[in-house]
Amino acid sequence: MDQVLDLLGGLPRVALSPSHLLNGEVTTPYGQDPSPEGVAAAWRDRAGDRPLPPWILLGRRDTPNGTVWRLCWCPPRGPLPGLAEIVLPEGLWVLDLLAGESGPQGWHLRILASASGAWVGLWEGARCDRLHGPHASESAGIARVRAIAAAAGIETTAEVRGAWRDPTPRELRGSSESHPESDILPTSESVHRAESRADRAAVARVLAILAVFAAITLGLGSIQAVAWSLRRSQDTRLESVQPLLDRVAALRKSRAGLEDSIWIRKDALAPNSAVDRILSGIARKIPDGTSLRALALERSDSGWRARTEASLSDWNQVQPLAQALRSVPGVAKVSVASQARSGSGVSAVLELEGTWP
Amino acid sequence: MALSPPSGTKGILRSLAPWVAASLALQTGLRVVWLDQTRSFRADFARAAELRQVVPEPAALSARIAALEKDSSLLRSRLASARGRTVESSDPAAELAARLVPMLGGEGWKLQRVKAESKSGWATLDLGAEADFGQMLSGLRRMRIQPTALQVRRFSVRPSGHGPLGVDLQVAAPEGTRP
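In order, the protein sequence lines correspond to chains A and B.
Just remember that this note's numbering sits 39 ahead of the position in the first sequence, which is counted from 1.
Just remember that this note's numbering sits 5 ahead of the position in the second sequence, which is counted from 1.
Hints are supplied without guarantee of correctness; some may be wrong.
Computed list of lysine to any residue pairs in SDA-like fashion (alpha-carbon distance at most 25 Å, straight line) [unchecked claim]:
| hint | chain 1 | residue 1 | chain 2 | residue 2 |
| --- | --- | --- | --- | --- |
| 1 | A | LYS324 | B | SER165 |
| 2 | B | LYS124 | B | ALA64 |
| 3 | A | LYS372 | B | SER161 |
| 4 | B | LYS75 | A | ALA295 |
| 5 | B | LYS15 | A | GLY296 |
| 6 | A | LYS305 | B | GLY89 |
| 7 | B | LYS120 | A | ASP315 |
| 8 | B | LYS124 | A | ALA322 |
| 9 | A | LYS292 | B | LYS15 |
| 10 | B | LYS115 | B | GLY133 |
| 11 | A | LYS305 | B | LEU80 |
| 12 | A | LYS292 | B | GLY89 |
| 13 | B | LYS15 | A | LEU91 |
| 14 | B | LYS75 | A | ILE303 |
| 15 | B | LYS75 | A | LYS372 |
| 16 | B | LYS75 | A | ARG286 |
| 17 | B | LYS75 | A | ASP315 |
| 18 | B | LYS124 | A | ARG286 |
| 19 | A | LYS324 | B | GLY168 |
| 20 | B | LYS115 | A | LYS372 |
| 21 | A | LYS292 | A | LEU308 |
| 22 | B | LYS124 | A | LYS372 |
| 23 | A | LYS305 | B | GLY168 |
| 24 | B | LYS75 | A | LEU297 |
| 25 | A | LYS305 | B | ARG147 |
If you want the ones that stay clear, here's a sample from chain B, every Cβ over 10 Å from chain A, calculated [as the list claims (entries may be wrong)]:
| hint | residue |
| --- | --- |
| 26 | ALA27 |
| 27 | GLY113 |
| 28 | VAL176 |
Please keep in mind that the hints were generated in silico from the structure rather than gathered at the bench.
Every residue gets a Cβ at the ideal spot worked out from N, C-alpha and C, and that includes glycine.
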């Protein structure tokens with residue numbers, strides 16, 4: 040996954056490779072970094088017209104003559120890794136590992152064992168003076184460096200041992216950025232590999248975009264599938280109850296037709312007019328000495344209304360008659376329309392309203 | 006050995022290719038593919054939600070059908086009852102007169118005038134008669150308990166001067182074939 044992300048990010052691949060280590064030094068004016076020309080001049084002093092190899096700066100020491108930079112030239116040794124645009128000498132990583140160890144202030148040896156062999160560095164405090172390796176055996180490496188130190192009048196007794204670990208791609212890229220002079224891959228090959236890497240990165244980016252497109256499409260497709268499934272299940276449910284729904288619709292239509300037919304014939308369902316009950320009720324309420332001479336009844340919107348003429352013996356019987364008629368079942372209202380003397384008695388016209396009992 | 010960055014037409018193509026691909030993918034996705042997909046699943050979700058709310062459960066439908074069948078049965082019964090209470094004949098007025106006149110005569114009503122007519126879906130019988138109070142009540146009670154729907158529209162009673170009462174009656178019954 041990291042490799043894919045590195046490819047998409049256009050980051051170069053950096054690898055380590057064993058190399059020769061040729062120790063040397065360059066003196067610069069106080070405080071100045073060594074220039075490539077100065078390093079090349081020092082290389083010419085040592086190796087003549089041979090091509091300048093990559094180099095590693097080991098450490099610096101300020102002297103009255105200027106700043107003395109200890110360095111290692113790193114001519115490639117053996118085939119270089121084929122899948123990297125930048126190849127750093129393994130000694131550079133060893134130097135980083137040994138620099139991370141804490142040691143005494145004076146001269147001492149720092150030793151580290153890697154898969155390539157044993158690495159031995161001569162250190163003064165935190166400054167590396169020399170680095171040698173890889174040696175097939177640790178003892179041989181130590182003996183050689185002690186001999187070199189002794190020849191220079193340096194006594195070393197302390198030894199610091201470091202632990203090897205593989206660098207991460209990020210650490211290698213960091214080293215390559217801070218030490219561009221250490222790349223041991225030929226420039227033409229680096230450019231060629233970088234071009235190829237850029238081609239692959241462009242293809243990978245296009246494929247990544249297509250993958251994102253496909254992923255979004257698939258994600259939406261999944262939602263589509265879920266939605267289709269939900270709708271399909273509801274459609275199936277609808278199909279399963281469709282006969283029942285049709286039956287309900289048919290019954291509703293049939294009921295509506297029946298209701299229309301009944302509405303048309305609603306008069307036929309009304310109870311028959313109970314004129315006999317009204318008349319018998321009125322007849323039962325007529326007080327003694329009072330008689331009805333005529334009665335006319337007709338149908339009204341709310342029930343019926345009637346008008347009758349009563350013969351009474353005196354005026355005082357009019358209201359009792361009206362009161363008595365009000366108690367007849369079905370009679371809602373009784374009013375005296377007129378009253379007049381008629382011979383020896385009184386004639387009163389009463390109007391009644393009511394509903395069918 | 007520093008790497009030199011890729012240059013030239015090939016380098017430009019390499020740089021532009023991902024942007025072109027992204028642009029095309031975005032355009033295609035937003036305007037065609039994803040738009041259609043979004044519309045599709047939104048429509049499906051909406052349809053499913055609508056059906057979930059609208060389509061009733063079979064048990065509820067069965068209960069509804071049972072209730073409607075019961076309603077229909079009751080309505081049919083009422084309709085049959087209504088039809089049975091109408092005057093079903095090619096001449097409804099004559100049919101109504103044929104039903105009521107003999108019955109009232111049998112109750113002692115002395116019929117003096119009978120007029121039957123059919124109008125606006127009603128068969129109407131207009132009659133004048135003489136009867137004493139008991140005969141009158143008996144005749145009216147027989148009319149009330151008739152299976153035919155009878156509607157008294159007008160009724161009047163008055164003394165006739167020589168014993169029995171003078172009765173005017175207009176009664177109507179709905180016809181079987183209503184307009």
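Legend entry - Non-conforming hints, listed in increasing numerical order: 2, 5, 8, 9, 13, 15, 17, 18, 20, 22, 23, 26, 28
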